[in-house]
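*Asks:* Chains A and B, in that order, are what the protein sequence lines are.
When we follow the numbering used here, the leftmost residue of the first sequence carries the number 1, and every step to the right adds one.
When we follow the numbering used here, the leftmost residue of the second sequence carries the number 1, and every step to the right adds one.
Since the hints were derived computationally from the structure, they do not count as laboratory data.
We put the beta carbon where it would ideally sit given N, CA and C, even for glycine.
Heads up, some of the hints might be wrong.
20 Å max Cα-Cα, derived DMTMM-like pairs, lysine to aspartate or glutamate [unchecked claim]:
# : chain 1 : residue 1 : chain 2 : residue 2
1 : A       : LYS81     : B       : ASP11
2 : A       : LYS112    : B       : ASP31
3 : A       : LYS111    : B       : GLU110
4 : A       : LYS112    : B       : ASP11
5 : A       : LYS5      : A       : ASP50
6 : A       : LYS15     : B       : ASP11
7 : B       : LYS21     : A       : GLU110
Chain B side only, calculated, beta carbon under 7 Å to chain A, not exhaustive [said to hold, decoys possible]:
#  : residue
8  : GLN29
9  : ALA69
10 : TYR71
11 : PRO75
12 : LEU77
13 : SER117
Number of protein chains: 2
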Amino acid sequence: MELLKQRILTDGVVKEGNILKVDSFLNHQIDIDLLNEVGKEFYRLFGGEDLTKIVTIESSGIAIAAIAAQYFHLPILFAKKAQSKNIDGEVYSATIRSYTHGNDYTAILEKKFLGPSDRILILDDFLATGKAQRGLLEIARQAGAAVAGIGIVIEKGFQGGGDALRREGYNLQSLAVVDEMSPQGIVFRDL
Amino acid sequence: MELLKQRILTDGVVKEGNILKVDSFLNHQIDIDLLNEVGKEFYRLFGGEDLTKIVTIESSGIAIAAIAAQYFHLPILFAKKAQSKNIDGEVYSATIRSYTHGNDYTAILEKKFLGPSDRILILDDFLATGKAQRGLLEIARQAGAAVAGIGIVIEKGFQGGGDALRREGYNLQSLAVVDEMSPQGIVFRDL
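Excised from the complex, chain A in its bound form (with noise of 0.2 Å):
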């Protein structure tokens, strides 16, 4: 996605320890006219699938299947990170290694929200080494919930997460992989 790759390399800080900061755009300040050209083009990649629910996870995934969620007239579901008084009943959960903040969570989604009448897509903002992902694929194993499509916003594709995903049949679709990336530049896969 061309208006993405353009934002990144504007606004986009490489940092130590294969940092990509877009905290400028996409996940602590968002600009929102972007997103809906992301929404846009997850429609444009999954729109023919035959959904029922788009799921993502807490917290930067959330804008992103909000806004997506429009194109395709579907419910989001994301789920929540850790304990909460909140959460009761059946829950569903997976064990995630956090890249971004260097400690293992615990991703939980409650039963009654998905079964194995769903169809569903999986949308997040980042794709490292796929741990997230394969944390939601987990819950959705749980639920017998089929996968139709994982949707990324920006995949570090040079660490490796997203090529695994694929090879094992997943329809992963990124709307920019970058294949390199240092202070100097930032090298993105033809897709």
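Chain A is already provided as a structure; the job is to place chain B on it using the hints.
*Replies:* Below, chain B alone, put in the same frame as chain A:
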């Protein structure tokens, strides 16, 4: 907002400990069509203000702020909880007591995204004691940003936090105010 009140009566569940669960349509699973109506209503209430940004706090506020922001054509900014490797530089911060989780957390927002030239609208899903909103007000105060208004989807009026903020002069508008609730029923305030 009648549509919202009807939805709360249909799908909301009152639980022990003053918990009103609306997780089937507002903050776990999200009905995006309803959220669009919520966004339009916030625009009706605050669209006349000269705003620069919409500010919320992760996680439940994000979808609401993102959908509403489309009507305002403004960027959103969400305060994050606790520390992350991805947050660097100078941040504004406020300690917030979570009613839902029963613990304290720190909300942070990078200084570069908010300053004295900003005039913000704060949006959130719930207001009970008002602790989260006061955290965002504290962050706005540190930034020198003006707060033009506070928009809340559901206010638990009987907990008093909303009326305290109104007495202090804030332009706080809630789309539904619950003045009484029990497993037997919910009484809304006439707005």
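*Asks:* Decide, hint by hint, whether the structure agrees.
*Replies:* Status of each hint after checking the structure:
no.	hint	result
1	LYS81/A / ASP11/B	24 Å, violated
2	LYS112/A / ASP31/B	15 Å, holds
3	LYS111/A / GLU110/B	36 Å, violated
4	LYS112/A / ASP11/B	13 Å, holds
5	LYS5/A / ASP50/A	29 Å, violated
6	LYS15/A / ASP11/B	45 Å, violated
7	LYS21/B / GLU110/A	12 Å, holds
8	GLN29	5 Å, holds
9	ALA69	4 Å, holds
10	TYR71	10 Å, violated
11	PRO75	5 Å, holds
12	LEU77	5 Å, holds
13	SER117	15 Å, violated
Taken one by one, the earlier hints fail for this structure at numbers 1, 3, 5, 6, 10 and 13, listed in ascending order.
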